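Visitor: Assemble chains B and C onto chain A, guided by the hints.
Residue numbers (numbering that gives the first Met the number 0), protein chains in the order written: chain A, 0 to 474; chain B, 0 to 95; chain C, 0 to 488.
These aren't lab readings, by the way, just hints derived from the structure by calculation.
None of these values were measured; they are calculated from a predicted model.
The list that follows gives simulated cross-link-like pairs (lysine-lysine, DSSO-like), each with its CA atoms no further than 30 Å apart: (1) B:K18 / C:K416; (2) A:K383 / A:K457; (3) B:K36 / C:K388; (4) A:K96 / A:K52; (5) B:K22 / C:K412.
As a plain string of letters, each chain reads:
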Amino acid sequence: MKYYPIIGLEVHLELNTESKVFCGCSTQFGSAPNSQVCPVCLGLPGSLPVLNKTALTYALKVALALNCEIADFTKFDRKNYFYPDLPKSYQISQYDKPLSKAGWLDIETNGALKRIGITRVHQEEDTGKLLHKEGVAMSLVDFNRSGIPLLEIVSEPDMNSAEEAYEYLTRLKAILEYLDVSDCDMEKGSLRCDANISISTDPKKLGTKAEIKNMNSFKAVRSALEHEITRQTGMLSEGSRIIQETRLWDDNKGITLPMRSKEGAHDYRYFPEPDLVPFIFSSEDIKKVADSLPELPTARRKRIIEQYSLSEYDASVLTQDKDMADYFEEAVKLYNKPKSVANWLLSDIAAATSSTVGIKQLNLSVGRLVEMLKMIDSGVISGKIAKDVLAGMIDTGKPAAAIVKEKGLEQISDDKVIENAADNVLRENPKAVEDYRSGKATALTFLVGQLMRHTKGKANPAIANKILIKKLGAS
Amino acid sequence: MMKFDKTIVEYTAKLARMKLSDKETRELALQLADILKYIEKLNQADTSGVEPTSHVLPIKNVFRQDKVKKSLNIADALKNAPEKEGDFFKVPRIIE
Amino acid sequence: MSELHKLTANQLKQEYKNGKTTPQGAMQALLERIEKIEPKVKAFAHLPERCLAKRCQAPLTQKIDRFEVPGTFLHGIPVAIKDNICVKDELTTCASKILEGFRPPYDATVIEKLRNAGAILFGKTNMDEFAFGSSCENSCYYPTRNPWDTARIPGGSSGGSAAAVAADEVTMALGSDTGGSIRQPASLCGVVGLKPTYGRVSRYGLIAFASSLDQIGPITKDVSDAALLMNVIAGHDERDTTSADVAVPDYIKSLTKNVKGLKIGIPKEYFIKGIDPEVKSAIEIAVKVLTDLGAICKEVSLPSTEYAVSVYYIIATAEASSNLARFDGVRYGYRHQGEASMIDMVANTRGDGFGAEAKRRIILGTFALSSGYYDAYYLKAQKVRTLIKRDFDEAFKKFDCIITPTSPTAAFKIGEKTSDPLSMYLSDIFTISANLAGIPAMSVPCGFTKDNLPIGMQILSKPFDEETIFRTAFTYEQNTQWHTRKPKL
Numbered sequence: 000m001k002y003y004p005i006i007g008l009e010v011h012l013e014l015n016t017e018s019k020v021f022c023g024c025s026t027q028f029g030s031a032p033n034s035q036v037c038p039v040c041l042g043l044p045g046s047l048p049v050l051n052k053t054a055l056t057y058a059l060k061v062a063l064a065l066n067c068e069i070a071d072f073t074k075f076d077r078k079n080y081f082y083p084d085l086p087k088s089y090q091i092s093q094y095d096k097p098l099s100k101a102g103w104l105d106i107e108t109n110g111a112l113k114r115i116g117i118t119r120v121h122q123e124e125d126t127g128k129l130l131h132k133e134g135v136a137m138s139l140v141d142f143n144r145s146g147i148p149l150l151e152i153v154s155e156p157d158m159n160s161a162e163e164a165y166e167y168l169t170r171l172k173a174i175l176e177y178l179d180v181s182d183c184d185m186e187k188g189s190l191r192c193d194a195n196i197s198i199s200t201d202p203k204k205l206g207t208k209a210e211i212k213n214m215n216s217f218k219a220v221r222s223a224l225e226h227e228i229t230r231q232t233g234m235l236s237e238g239s240r241i242i243q244e245t246r247l248w249d250d251n252k253g254i255t256l257p258m259r260s261k262e263g264a265h266d267y268r269y270f271p272e273p274d275l276v277p278f279i280f281s282s283e284d285i286k287k288v289a290d291s292l293p294e295l296p297t298a299r300r301k302r303i304i305e306q307y308s309l310s311e312y313d314a315s316v317l318t319q320d321k322d323m324a325d326y327f328e329e330a331v332k333l334y335n336k337p338k339s340v341a342n343w344l345l346s347d348i349a350a351a352t353s354s355t356v357g358i359k360q361l362n363l364s365v366g367r368l369v370e371m372l373k374m375i376d377s378g379v380i381s382g383k384i385a386k387d388v389l390a391g392m393i394d395t396g397k398p399a400a401a402i403v404k405e406k407g408l409e410q411i412s413d414d415k416v417i418e419n420a421a422d423n424v425l426r427e428n429p430k431a432v433e434d435y436r437s438g439k440a441t442a443l444t445f446l447v448g449q450l451m452r453h454t455k456g457k458a459n460p461a462i463a464n465k466i467l468i469k470k471l472g473a474s
Numbered sequence: 000m001m002k003f004d005k006t007i008v009e010y011t012a013k014l015a016r017m018k019l020s021d022k023e024t025r026e027l028a029l030q031l032a033d034i035l036k037y038i039e040k041l042n043q044a045d046t047s048g049v050e051p052t053s054h055v056l057p058i059k060n061v062f063r064q065d066k067v068k069k070s071l072n073i074a075d076a077l078k079n080a081p082e083k084e085g086d087f088f089k090v091p092r093i094i095e
Numbered sequence: 000m001s002e003l004h005k006l007t008a009n010q011l012k013q014e015y016k017n018g019k020t021t022p023q024g025a026m027q028a029l030l031e032r033i034e035k036i037e038p039k040v041k042a043f044a045h046l047p048e049r050c051l052a053k054r055c056q057a058p059l060t061q062k063i064d065r066f067e068v069p070g071t072f073l074h075g076i077p078v079a080i081k082d083n084i085c086v087k088d089e090l091t092t093c094a095s096k097i098l099e100g101f102r103p104p105y106d107a108t109v110i111e112k113l114r115n116a117g118a119i120l121f122g123k124t125n126m127d128e129f130a131f132g133s134s135c136e137n138s139c140y141y142p143t144r145n146p147w148d149t150a151r152i153p154g155g156s157s158g159g160s161a162a163a164v165a166a167d168e169v170t171m172a173l174g175s176d177t178g179g180s181i182r183q184p185a186s187l188c189g190v191v192g193l194k195p196t197y198g199r200v201s202r203y204g205l206i207a208f209a210s211s212l213d214q215i216g217p218i219t220k221d222v223s224d225a226a227l228l229m230n231v232i233a234g235h236d237e238r239d240t241t242s243a244d245v246a247v248p249d250y251i252k253s254l255t256k257n258v259k260g261l262k263i264g265i266p267k268e269y270f271i272k273g274i275d276p277e278v279k280s281a282i283e284i285a286v287k288v289l290t291d292l293g294a295i296c297k298e299v300s301l302p303s304t305e306y307a308v309s310v311y312y313i314i315a316t317a318e319a320s321s322n323l324a325r326f327d328g329v330r331y332g333y334r335h336q337g338e339a340s341m342i343d344m345v346a347n348t349r350g351d352g353f354g355a356e357a358k359r360r361i362i363l364g365t366f367a368l369s370s371g372y373y374d375a376y377y378l379k380a381q382k383v384r385t386l387i388k389r390d391f392d393e394a395f396k397k398f399d400c401i402i403t404p405t406s407p408t409a410a411f412k413i414g415e416k417t418s419d420p421l422s423m424y425l426s427d428i429f430t431i432s433a434n435l436a437g438i439p440a441m442s443v444p445c446g447f448t449k450d451n452l453p454i455g456m457q458i459l460s461k462p463f464d465e466e467t468i469f470r471t472a473f474t475y476e477q478n479t480q481w482h483t484r485k486p487k488l
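So here's chain A without its partners, still in its complex pose:
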């Protein structure tokens, strides 16, 4: 029997507005506990919410970038439940009239495009944060995060593998970064993802689903889904039944475990938030936001391929990271060899970045990189040495010329120096010389390599080659 995984993702995104969604408290990350709270976000009795206009504009931007239909009438609702990090004991969210629905996002899977439906994008507010103290039966609450604007982006259950889910998240994150509406930092919690997954023998039907939570990176989402597919498929093939439940991903153990269910019934008792008036968008309002959208990854990729004659693959990887693509285009302006810039960006420079250190955080301005590329072109350093120079630049933040000088990495193009080295090499390797002369061309490669070793890689390879051939032929 064939089993089809069916996956839908729910992404919660903190918007990077200056102030919170319903009050004027700052959204700054990492401040002293309970230092960014007021009567509104602390849920003090008598306080009332007022919607942050920028938060709603950001929500519209995201919805439009995800090809959603924007509602002409939207309102907020109260989602009622008790939790100590939820100060009003209800979350202001959107229920039956979300600001947008029915969008889509294209992903690439096995070289083909696949369209993933977006069920809805709606606005809500974040909760405070609970800290559990080890070994004590008490928890501590910090409400700084309470009231930070959140978007909930819900996908249709259109993904069929962990890889597709990973691809969806990568594409989604790229779009969000292009819109500059969020830090999109999973480690800081500004982007969070829950997954719904079921396995079915009929690709048209959903199975009993599990909701997976507690994944702190896209890789964790992928691993958790892979694990869950194996687990559920295993259960089904043994004839066991899947229980509908919430499971938590344990990143260390690499498994999902059922969450011990919270006591008490679940019924959110949604009803229209009487403290907030409805919002009605005219087509001009929507057009204004649509016109303000920046170029998005797909469009940019297409343009970059055409404008710089890059490969589909290079353009795709470059544009996935907005900062990387910006860097590329800036560099090309100063140094018109797009392929070379792309190669450096996608190999050595990309390798130096990580999920926390992006290209912006590297000690490598566009100007500095271009200087280095020009040093290769003018023969000051070899392409191979340039890799070390670049590493040095990133390590120390110094310009290429300084690194080259400090470490003595200038390329040797002086014939006399290379001739001396060649003489030594020929003397030390009579066997190879013999081989070459008896017609083994590969022996030359070996000898060039030996010469490079003698010069610590600094000899100009073209000159070294020329001199060696000359000397081998001469005697």
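Guide: Quick look at chains B and C alone, frame taken from chain A:
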């Protein structure tokens, strides 16, 4: 229409996270059954094609600008806390 | 002056202006009055300690003339505040154990406005817990008593404010009205109470009962004082998105003694079952007074009236169940001690902290919103609310205002209805519709029963037309003497 009994009161009290004594539960079941019977008069009102009213005033699109305003100082924020530790509110641990 | 406590705000202002007394003097007189009669009336939840009075911004001994700003001037006028309106650093408990010791770190918008107008904040008045009730018996402190007969209730939920004004313990007061909580106690205590149009006065800082119905309003000794207080508290507030950005007129200008040609509707649905004949006849006589003054009074029909109480008890309790969910013992107020688990702590805090009526309404409201019942109760109620609103829209096409009794009966005995919640709910039958429709409504004294209990007349008008109410009420008041009578205490 439907029977409003002790079971419903118990379930609803759980949703409202509010402990009721047995006596309270029994009394509420009786009183609320009575009130709901009165309220069922609503079924006589013809509301076909009638829009629900959430807000009586036709106010829409009220915003604030995205400007940071002064928060409470931490002492004021925590002043009314039944229990605190450092600059945190303190609560019994959630068991889940 | 030994009688300063009896004066209206407008009279007191005149005394100040003429240099006959100072705000200190007025406060002294009121504090003495309170000392003497508060034990009988119990109008305050938190007494106007000297410190509270001192903390107001008005420099009490300063000469007053230069503070004169036409219409908005409340310098040195003592105003009592219902205990559900936040006053910075002062106890604000909604007469509930669950808000034990709560001192808000902020002022309600109306309090800011009062401070700016120079008013003296003069104590927090008793009320039904969270404004749940029509008798002031549901206070966690003590029931307030009706100054006209201390064996009777003062009405509710703003019973403390109405009793304090009627008993001359304070010059004027603020109340809040969700289904009649200003008008019904004003009626039962023989004073003036106005529920403004929904959106006219900011709700910011009013501890919510039912957000789509609540309004703050004045409770005063006469109509002029109500206009004076409205001039101070009305107006758009950026912090309350349901507050209307509509210009506020000078209400004092609408105090004209003229109702000639005014078209007044008398809804027939308000004169049938359960209404006390003495109340009915008092209203009929009042209507005759207005007719004699040149008003054109005619019968009007508000056919959906019979559903008002049902709609109200669904919508108000549903909103209340959510508004009161925040009282969980985490950030403020009462916490039940000794629990190891969060869930038990919250459940016991709420079980122990809320009184019987609050629990009743929380359960009813939670039920009305719960899955499977939402459409039959909450959604249905919202639709019938539309019908009730339409009735008034239709009526105001033909009439300038509507007159009804405020309450079907005069003040009832303490304890009379406590065991029968439904009969208590039905005592709001005439006041609820104004909240559902969002329209302004005032209660003015219009007579007394044989037992010397006050009767009130309710005047309703279209949204943001408080002026017609003031004009009608003032004309009636100035042609009658009811408002000058004082209870014997």
